[in-house]
Amino acid sequence: MRLLLVRHGETASNIERKLDTAMPGPPLTELGLKQARELADTLAGENITAVYASIGLRAQQTAAPTAERFGLPVQVLDGIEEIQVGSLEGRNDTEAYRTYLDTVIQWAEGALDVPFPGGGETGQQVLDRFLGAISTIQADGTVMVVTHGGAGRMGALALASNVPVELAENLLPNTGVVVLESEGAGWVCRSWAGVEI
Numbered sequence: 096m097r098l099l100l101v102r103h104g105e106t107a108s109n110i111e112r113k114l115d116t117a118m119p120g121p122p123l124t125e126l127g128l129k130q131a132r133e134l135a136d137t138l139a140g141e142n143i144t145a146v147y148a149s150i151g152l153r154a155q156q157t158a159a160p161t162a163e164r165f166g167l168p169v170q171v172l173d174g175i176e177e178i179q180v181g182s183l184e185g186r187n188d189t190e191a192y193r194t195y196l197d198t199v200i201q202w203a204e205g206a207l208d209v210p211f212p213g214g215g216e217t218g219q220q221v222l223d224r225f226l227g228a229i230s231t232i233q234a235d236g237t238v239m240v241v242t243h244g245g246a247g248r249m250g251a252l253a254l255a256s257n258v259p260v261e262l263a264e265n266l267l268p269n270t271g272v273v274v275l276e277s278e279g280a281g282w283v284c285r286s287w288a289g290v291e292i
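Numbering (our numbering), first residue to last: 96 to 292.
Hint data in this document are derived by calculation from the structure and do not stem from the laboratory. These numbers come from a predicted model, not from an experiment. Check before you lean on any hint, since a few could be wrong.
[To be verified] Using C-beta positions, here's what the derived DEER-type ranges look like:
{"hint": "1", "residue 1": "G279", "residue 2": "I110", "range": "37 to 43 Å"}
{"hint": "2", "residue 1": "P121", "residue 2": "P212", "range": "18 to 24 Å"}
{"hint": "3", "residue 1": "D136", "residue 2": "G214", "range": "38 to 44 Å"}
{"hint": "4", "residue 1": "P122", "residue 2": "G289", "range": "23 to 29 Å"}
{"hint": "5", "residue 1": "G205", "residue 2": "G281", "range": "28 to 34 Å"}
{"hint": "6", "residue 1": "E190", "residue 2": "A280", "range": "39 to 45 Å"}
{"hint": "7", "residue 1": "E204", "residue 2": "A280", "range": "34 to 40 Å"}
{"hint": "8", "residue 1": "G289", "residue 2": "I110", "range": "34 to 40 Å"}
{"hint": "9", "residue 1": "G166", "residue 2": "D208", "range": "19 to 25 Å"}
{"hint": "10", "residue 1": "N142", "residue 2": "P119", "range": "38 to 44 Å"}
{"hint": "11", "residue 1": "P168", "residue 2": "G214", "range": "29 to 35 Å"}
{"hint": "12", "residue 1": "D188", "residue 2": "A280", "range": "26 to 32 Å"}
{"hint": "13", "residue 1": "G281", "residue 2": "M118", "range": "27 to 33 Å"}
{"hint": "14", "residue 1": "S182", "residue 2": "E111", "range": "16 to 22 Å"}
Glycine included, C-beta positions come from ideal geometry on N, C-alpha and C.
Please take these sequences and the hints and turn them into a complete structure.
Put into structure tokens, the structure is as follows:
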């Protein structure tokens, strides 16, 4: 199977740099809708056999033009939604971003039991639900999965071990695509937001 992990298009919260993880969340902006249409054009040469999106409205709106192009439904996949950041929700201040980065750095260093403050998720909870959801996909060919920046990046890094650190440290842009291919019992990353690996 070939897996296209896609970050959703732009939302108003992206413009305002707000930590926006509550679901179903905001819709796409006009630019976000344009990005979704352009994504469908970019992926026109693929042989997509299934389209999945998170429970987030923005993910479903991003998936819709590609699904329509291939005559497929958008299947909502619970478990691939964004990392739940607890009391950091809706914030865009320096302290919130520092706490966010400190938490995900701890996860990257192996402390997956550290939660976001105020009832947020641990890294292990995110990985368990994300990888569990991906494992339920029973499709051949190329599958598009529209997810979110933080959860998608964590999931991709957990699935494929060949992602260079300098790519993994960068935020996946809106409608950025990570291409993964199954190889034996695991996955190999072929490209990260347009950069071949």
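For each hint, the structure was consulted:
1. Range check, G279 to I110: about 42 Å between beta-carbon atoms, so the 37 to 43 Å window is met.
2. Take P121 and P212: their Cβ atoms lie about 23 Å apart, and the range 18 to 24 Å holds.
3. For the pair D136 and G214, the beta carbons lie near 40 Å from each other, so the given range of 38 to 44 Å is met.
4. The beta-carbon spacing between P122 and G289, approximately 26 Å, falls within the hinted interval of 23 to 29 Å.
5. The hinted range of 28 to 34 Å is not satisfied by G205 and G281, whose Cβ atoms lie roughly 19 Å apart.
6. Restraint check, E190 to A280: a C-beta distance of roughly 42 Å satisfies the suggested window 39 to 45 Å.
7. Separation of E204 from A280 is about 26 Å and departs from the stated range, judged on CB atoms against 34 to 40 Å.
8. At roughly 22 Å, the beta-carbon separation of G289 and I110 lies outside the given 34 to 40 Å, and the hint is violated.
9. Judged by the Cβ atoms, the range 19 to 25 Å given for G166 and D208 is violated: they are separated by roughly 44 Å.
10. In this structure the supplied range 38 to 44 Å is violated for N142 paired with P119, their Cβ-Cβ distance being about 30 Å.
11. Checked against the given bound of 29 to 35 Å, the beta carbons of P168 and G214, roughly 34 Å apart, stay inside it.
12. Hint check: D188 to A280, Cβ distance near 43 Å, so the stated range 26 to 32 Å is violated.
13. Taking the beta carbon of each, G281 and M118 are about 29 Å apart, inside 27 to 33 Å as hinted.
14. The hinted range of 16 to 22 Å is satisfied by S182 and E111, whose Cβ atoms lie roughly 18 Å apart.
When each numbered hint is compared with the structure, violations occur for hints 5, 7, 8, 9, 10 and 12.
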